[in-house]
Every structure is written in C-alpha cells, then in structure tokens.
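K.L.:
Chain by chain, the residues:
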Amino acid sequence: MYRRVVLSVMALAALLSFFMVIAPTGATGDERLRSDTYVFGETTTIDKPIAGSLQIYNGNVTVTQPIAGDLLVAGGSVTFSGAGRVDGNLIYAASRITGAEDRVRGHIYPLLSLEGAALSMTKSAVVASLLLVWLIAAIVVTLMSGREVRLSSVEVRTSALHCFVLGLVALTSFVLTAIAFSYLVPYVIGIPLLAALGVFGILTKIYGMIAVFHAVGTLIAGSRSRQQLASRKWLRGDLTMVVIGVLILGAIRFIPVVGTIVWGLASVFGVGVALATKFGRREPWFLEFRAAEA
Amino acid sequence: MTCEDYFEDPEKNAAHLETCALCRALEDETDAVAIEHRPLNVDALPLATWEGASHRTWPLVAAGIVSVLVLAIALFLAAGTPPLRGIARAVTSSVTSFEAATKFFQLFGNGLHSAPVLVHVTIAVLFVFINTLLFLLLRRAPRGIDV
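Line by line, the protein sequences are chains R and X. Each residue of the first sequence is one higher than the one before, counting from 18 in the numbering used here. Each residue of the second sequence is one higher than the one before, counting from 7 in the numbering used here.
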C-alpha cells in the first residue's frame, strides 16, 4: 500500500516537474526574450547594439556597443570599450569587469560581494569578523536549544558517512530546486518560492554548522570518563564544546585553501546532520500510513 | 471472560486461569523466568552525552568572544580600515542582497526558457532523481542515542 502511494507520488512529481520545465518554453514569444543574447564559454565581441539583456556564462566578452537591458556575467570577463555601455544593471559573480566606470546606468551588483570586500581589506580581517558572527550565533542557538544541538552532534559522530551523503544530496537538491523555481520567476510565484528555499537553506546551514562545532569541540575536548568530567571545572557543557569547536574550525579557516576546503566539508556535514535529525528533534520527516487492520 | 480481558488486567481476572489451559501455560512459563538482581555500579557505565551538558562556563565563552573580537580589530587596524566599519561591512557584504539575487534569478529564469529542450529534460530528470534520493535518505531514522 505504502509503496503504491510512494510510486504514485513519484510519478505525479515526475509529471509535474516535466510540465513545469517544458510549459514555460512556449512563452518565449516575448519580444524581450527574443532580443536577449547569451554567451556560453566563448570569446567574442559585441559590435552591434543589443535591444535586450546580455548573459555571459564562463566567457570572455568585449562590449563595444550599447546593451539596452541588463548584463549578467557568471564566471568570465567583460571589457568595455568604444561606445559600450549598459542601460540596465550589471550583475556579476566570480568574474572580472574592466572599464565599467560610468558605463552602467543602473546598479552594479557583485553577487558574491565577499570577494569585493576582501579586495578592499585584508582577507584575514574579514574571516575574523565572520568568525565573530559565527561565535555569537552559535552561543545564542546553543543557549536556546542546547539539547537539539547535542542530539545532532551525537548523530554526526555516530553516522558521519550518512550525514555527509545526505548533505551532498541535499545541497544538490537545493541547487536543482532553485533552478526549477527559476522557471516560475516570470509567473511571479517563483520569487517567493526561491526566497523560501533560500531562507530554509540558510537556516539549515547555520544550525548544521553549530552542530558540527559541537561535534568538533566534543571530539577534541570532550570528557572521556565520569571521573574526568567530575575533575573539570571549565571544559564541560554544551556551550563550552560549541565555543571550542568554533575556535578550532575558525583557526583552520585562516589557512589558505585548506580552510576553505575544511569549512566546505563542514557545511556538507552540517546540512546533512540538520536534515538527518530534523534540526535535532529526531522526528520522522514523513509519516508512514499503515492500512487499518480488521 | 476472555483471554484478552485477562491480559488487560491479570490480577482482577485471575479466575480466568482456572478455566483456560493456554493462559495457565503462559502464566507458568512467565513464572519460570528467574529475575536476577545484581548491584549496579553507575561509575562503570560509559559516560552519557547529557551528563554535565547543562554546565555553562561563562568565563571561557567571554574569553572566546573577546579574543576573536580583538583579533578582528587588530587585523582591520593593520589594514588601515576603521574596525567597526570594517566588521559591519564584512558582515553585510557576506550576505547577497535580495535585490541582486532577484535580478539574477529573473535573468537566469528568462535565460532558461530560451535553452534547448535537452537542457530542460536533463534538469527535470536530475530534479526527480536527486529529490527521490533525498526522500529515501530522509526516511532513515537517526542512530545517535541521547536519553
């Protein structure tokens, strides 16, 4: 019975996804969409005015003529010269923009603006500031829900592999769901759905990271026996374990490359454990309905 | 009186044993199980995760916050940036603005509509596959025990 329900729901979800993905393709009759230009992994020059927007994904483009709409650059470089300008907004992520001064009529949005901040001040200072925020958030959350954080910490230590796999799958799912919701952006409902997904993702990561802080603190400084616990005055309690975890992972964060990798892995573990334990509540995500027995 | 009545309240329905051979046999079997009482040494048991968990070492917490704050201030001073402004800027810039994200997804969504059908099908297949996998993984009960 249960399998039938799951299979039916899966089939329905597959159909819904399929229609959701395919249906908006029929809406490309919009003039503005037709006039948009896309560049994927190419080196090219915009030598004719563009009536719509220009989107560049992993490409190098020289803009010598005006762009009436927005310019979106994700992974690549853009160089302005001649009469090149953007009447809309310029949005860029992990990209190099050259000669854009006074050529963008709208706003310039660096999508990952941490890079921009890091350019203007030392990276270490930025890392230390964010570490301070993590520390305060971890303390507040542990004071509010210490038991839940501890339960998640136990889970990540006992089922590390499961948490890691779940974290990887969940992050992939977030990205794919965001892409699926992007199809709905022209139909208004897409933006609130994306916002809800973003909030859920951020909360999951924050909670999960705090559980990982607790797990790291317990692994490094946790009591091994009752006698050891009784003899300690400072190194005991959830709050202490979380603070020690933040400080240890924070110290690692300062190491170039290694710090980024370690925090990336910690995020995967964190998202996994947050979902595996339902934010420490240890309740099932899905209820199983059993057939009534006569 | 039925067997069910007896199992619901054995003491009240003790007379049922005289008439039911099955229940009498079960009762005899239960009586035959010997319960051995052994002294319990709590210290010999492994340390439970909740033991001492509610203890709050405030001096350590304060020391942690102060040390990180001092480090951030020192680094900003070394970089020639006013510390408070630097910290505020670092924190606010780490969060992508809602407006920028909205613009990005608007453009990305419009771009998707112009993508080839193969891209749509790939996204749909991946979406269903990954979310099915997520559903199956989420069905597993947590293992960590903390009573």
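Bear in mind the hints are in silico, worked out from the structure with no lab data behind them. Errors might be hidden in some of the hints.
A short list of chain R residues far from chain X (calculated; beta carbon distances all over 12 Å) [as the list claims (entries may be wrong)]:
1) Glu59
2) Gly69
3) Thr235
4) Ile272
Below, in silico cross-link-like pairs of lysine to any residue (SDA-like), each with a Cα-Cα straight-line distance of 20 Å or less [stated by the list, open to error]:
5) Lys295/R - Arg249/R
6) Lys250/R - Gly58/X
7) Lys295/R - Phe141/X
No experiment lies behind these values; they were computed from the predicted model shown. We treat Cβ as the ideally placed atom computed from N, Cα and C, and that holds for glycine.
K.L.:
To test your reading of the hints: which numbers does this structure violate?
P.N.:
Of the numbered hints given earlier, those the structure breaks are 2, 3, 5, listed in rising order.
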